[in-house]
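Protein chains in written order, with numbering that gives the first Met the number 0: chain A, 0 to 465; chain B, 0 to 197.
Be aware that a few hints might be false.
What the hints assert, rightly or not - Counterexamples of contact, computed for chain B against chain A with all Cβ distances above 12 Å:
{"hint": "1", "residue": "Tyr25"}
{"hint": "2", "residue": "Arg68"}
{"hint": "3", "residue": "Asn78"}
{"hint": "4", "residue": "Phe135"}
{"hint": "5", "residue": "Gln160"}
{"hint": "6", "residue": "Met178"}
{"hint": "7", "residue": "Gly182"}
Stated by the list, open to error - Simulated coverage check for chain A against chain B, where a stretch passes if three residues somewhere in it have a Cβ under 8 Å from a Cβ of chain B:
{"hint": "8", "region": "167-174"}
{"hint": "9", "region": "266-275"}
Hints were generated in silico from the structure; no laboratory data involved. Backbone N, C-alpha and C define an ideal beta-carbon position, used for all residues, glycine too.
These are the residues of each chain, in order.
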Amino acid sequence: MEWRSYLVRGVLVLALSATLHGCATSSLFNAYPNQAASFQKVISSNTPSPAVDSVLTSLNNERESADAMLYMMERGRINQLNSRFDDSKSDFQLVISEFDDQDLASTVQLSNTAAQGSSILVNDNAIPYKGAGYERIFTHHHQAFNYLGESDLEGASVEFRKVALEQRVLLEKHEQEVRDAYQEAEENRVDLNTLSDEFSGLDTVAGSVKSSFQNAYTFYASAAFWEATGELNSALVDYKKAFEINSASELLMQDIARISYKQGSKTEYPDLNLPTEDQGVVVVFFEDGFVPAKTEIKIPIPTFDGGFISLAFPYYDIDHWPVSQPLTAMDHKLNKLGVSETVVDVGALAVKDLKEQVPALMVRQSLRGYAKYEFQKQAEKQGGWAGQLAASVYNIASESADRRSWLTLPHTGQVMRFNLDEGPADISFATAFTKTNTRLDIKAGRTTFIRIVNANNSLITQVYEL
Amino acid sequence: MKFMQFFVVVLAGLILASCSSQKIQYGDATAVETTTLGFGSTDLQSIAAKLVDDLITFPPIVQMTSSRRPVVFVDKIKNKTTEHIDTESITDTIQTKLLQSGKFRFVDMTAVKAIQEQMQFQMDSGMVDPSKAAAFGKQTGAEFMLYGNMSSIVKRNSDAQDVYYKFTLKLVNLESGIMEWAGEKEIRKTGEKSFMSL
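In isolation and in its complexed conformation, chain B is listed as follows (with noise of 0.2 Å):
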């Protein structure tokens, strides 16, 4: 009889263990995230510290942005990993944080469609008082052009994952095509099969 009463137990089990409850909740936006292997916030927010850290503090960078803030122009980073990641992403953060840190000015080149049509507009519609229009042709040229790729390492066997990101960011003097700076960070990740869980 005992047999018929498992197979009660384990049919009940089935059901009961397909029909879960979900919770919502807040949490903090810079708190280690580890739920998967693949590329995530930490992951970004430390490639973006490290690079900005290594850029703003490099001694011939200090010293030329001591009495100006160059213009710079930022690249796609190109995407070599196994991962779908929205490199611009990255680099937008990096971009507000050179920017926050008062020694650099960039360009926008996402934005260039839109400032086109917008100066269009000025000039063309009517609307706008000529003499407060934005003229054409006196935007600043970018000096430098911010530039890298990111790539991956994965391997994995049967209870283990190893994961190994490198993300390298070059900065090259358009004019003189002189590379000025490069960084590079970084990251390792391992999972490890544990044996039950539910």
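Bound conformation, chain A alone (with noise of 0.2 Å):
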């Protein structure tokens, strides 16, 4: 029988290899969160540094690996936060292109199969990363913040199209979820037509379901760029969308107030924050914090004659969720200019994401239990009780959750809009821990974006002009 446990053995020394092998993931037995928060560290200014470019380099080297996705679009946020532009543009390409050849990928893969049938004798980091809605989503955003950083303005329109595609698709997928809402609001005898003509073809109802899946600091983000190009009709749809999503929002029933009379409609929103015509926009993005990550819970399964298996399940600790900071922007006087209004909530899509994803799992993990006392049973009878121990040893350090997802996201999204005088202006933006100065050219008529994004309490400032 000696040639069984050195079989045991083989199929050991193959899994580790295969981890080991550049072909595999780098996740299966370090947890991804732990390499994240490596890439979350050189977030902290948007200067040039050698450990920038360390980390820049070990994740260019993840390109062909098989969680090639995930590292680039690590990539290409950092990237793109030390404005370079053009590298975070080919690492988001490369995402892009990945996900959509997962569009018309065929039901079953042989090739993924092989990494499945591998997850389940170690953990489901074997299996590819292939990326979620939401993160799909953000690459586009981000790839459309090249473009303008870039100047280039049609490029961006493609990309704020391309976001709008991906927004509708993740809402068709979403369907019955948004008809169960409109029930649901049908039974509690919620009014739906209590919103004034402006506001017509308004869902909030299917609002409240949508923010779960629906970025609406990417509709923000789509409606300020058309808005600024002129395109006021897809601008109007955008706003609208955003505040389906955020309907207590005063921010953008304003923002659809003022579309609606740059329209030629009449209006009876008093503010509608429109520039004078020696005046220019300021719009501000802000990005606050890092997105919260999956933790894990190991779960002992016992088997039928007494020992245990331990299977871990990836969860969000929704116990101890991150606070979100505004930020206030003032000018040179300290008059204040505004304060940001969270408009999404990057931790509730992820959440999302992962409930989505806890029926497949489930399946998994069942299928990884039974695999995995199946090999300490035959490892015991082949090797005794060291040939137990080995393979629980194994069992118990190949179990771990998947917890891989971009991790570089910001937390919140938030915005503000405010119009200056033509000419240098110096804005200072702060929260409550850490503050930034700015000093901005502000042309009449012109649309300034500012992109603040606040990681490890510091303030990286990007200014685009449009």
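Both chains are given apart, each in its own frame, so use the hints to dock them into the complex.
This is the structure:
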């Protein structure tokens, strides 16, 4: 029976070599959030530094790996926040083409089945990362800002159109949930027609459901872009979609009223936030913190013969959810220009995505539980107590939850908008813990996008002129 | 024991699946290309062929170009699709085909700067015989402008995708502002998921 114990060892060696080999993922035995901590750490200023370069180089080595999509999303964002738009564009291009390939990939892919199979003996991290719907939207969102950074408005418009398509696809995928929300509203006799004319066609009932999968921050960015480039119809549609999701937002009501007014409708809204002839528009996009990572819970499941098999599940620790800070803008005389409003909680989008994966996850975990139990039993038969011990140690060590997700994304996306007189303007932006000053060159009739990212309690500022 | 063998096979499969070799070969530039659903060479060629055909067989244009070759200027084509398409490449093909039909002549706005620099060199460098230098102010102005836009509608669900492209091209008389001709080319492509693949 000697050869059989060799076989057991052979399997272990193969499993290990698969992890060490470039073909497999790097998250098999090193939880992804631990790796991502080093990516998050380098996002603290937008000046080039050796630390940033070394992280970018190590991420670039993952371009061919099974989790290339995930690493390129992280790399694209780090590059973008360092204003390396061209590099960032090629990173996101890889992610976009992977997503596009998935659209028409066949239902059963044999090469994929092999990875699924090996995941049964190791853990879910052996399955190549596929990306989530909300990550796909953020990829196009970032790609649009890369084009804006290069002053390529047509390129940005393509990405904003593409992102609208992806948001629509997500909506269609969740149609049933939206229908259920209507039914509930009807049962509870919620009046759907209480809004005034300007806000007609809006659907706040559906909005409460949509907020869990659609991204109002991206809707706002594209609406502001369309407004700045004079495409008022598109702007109105996107402001309305953002408002459906955030139906209490004063800012969005004002935006919708302003666009309706620009299109020639009468409005009773008191303040339209319209710039005068010698003013320029400033739209601030504030990205606060980092999206929470999945944590792991290990559930020991008893086997028939008195042993235990431990199975790991990913979950979001909602009891320790980070609190987001608003951003305040002030001019050089310390007059308050505005306070940002949260339009998206990226954490909520991530939680929803995990919830949708639960059924498939349960199936895989039960199969894995059975496989690992069988493996342990075989090992005991062939290697006695030493074999069983080795198999249990392997089972415990190899069992880790799939905690992969795009972790350099912000926790919340917030927006504000104000008008400034033409010429140079010194603006200070502050959260409760940190502040930064920016000099802007305002041009009358033009729009300036300011993106402020709060990472590790320092504010990174980027200015995009449209 | 079969169970263990299954694992070995699966793991070996994983390692083999990720390693493949390359194959490179030449192909026909006008062959139908269906690698992906995105805008491709076949779309570009069919758009150019259809619109050029439309334009040079349109009766008033046939009449106008029977005795002279009007000068045309090509404006940028607006890309309103969800893909990054080099619309200049489409207009280049259209322009080349029209030029080769012998019915139109073009002024090239993309070369204006280079032309200007060359003429400046001929006038100012002292290296060119002034009697043979190209003189300023002698260029011919365009009589017509060719412009248009390209838009798309994309629909997708979990097992199929449908892409519809519409390319519109218009010819306008610069002086009178009258649109002399407009042509449209529509393309529809659909893709469906297969059940199984390698």
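Status of the hints after comparison with the structure:
{"no.": "1", "hint": "Tyr25", "verdict": "24 Å, holds"}
{"no.": "2", "hint": "Arg68", "verdict": "32 Å, holds"}
{"no.": "3", "hint": "Asn78", "verdict": "6 Å, violated"}
{"no.": "4", "hint": "Phe135", "verdict": "32 Å, holds"}
{"no.": "5", "hint": "Gln160", "verdict": "6 Å, violated"}
{"no.": "6", "hint": "Met178", "verdict": "23 Å, holds"}
{"no.": "7", "hint": "Gly182", "verdict": "22 Å, holds"}
{"no.": "8", "hint": "167-174", "verdict": "holds (count 3)"}
{"no.": "9", "hint": "266-275", "verdict": "violated (count 0)"}
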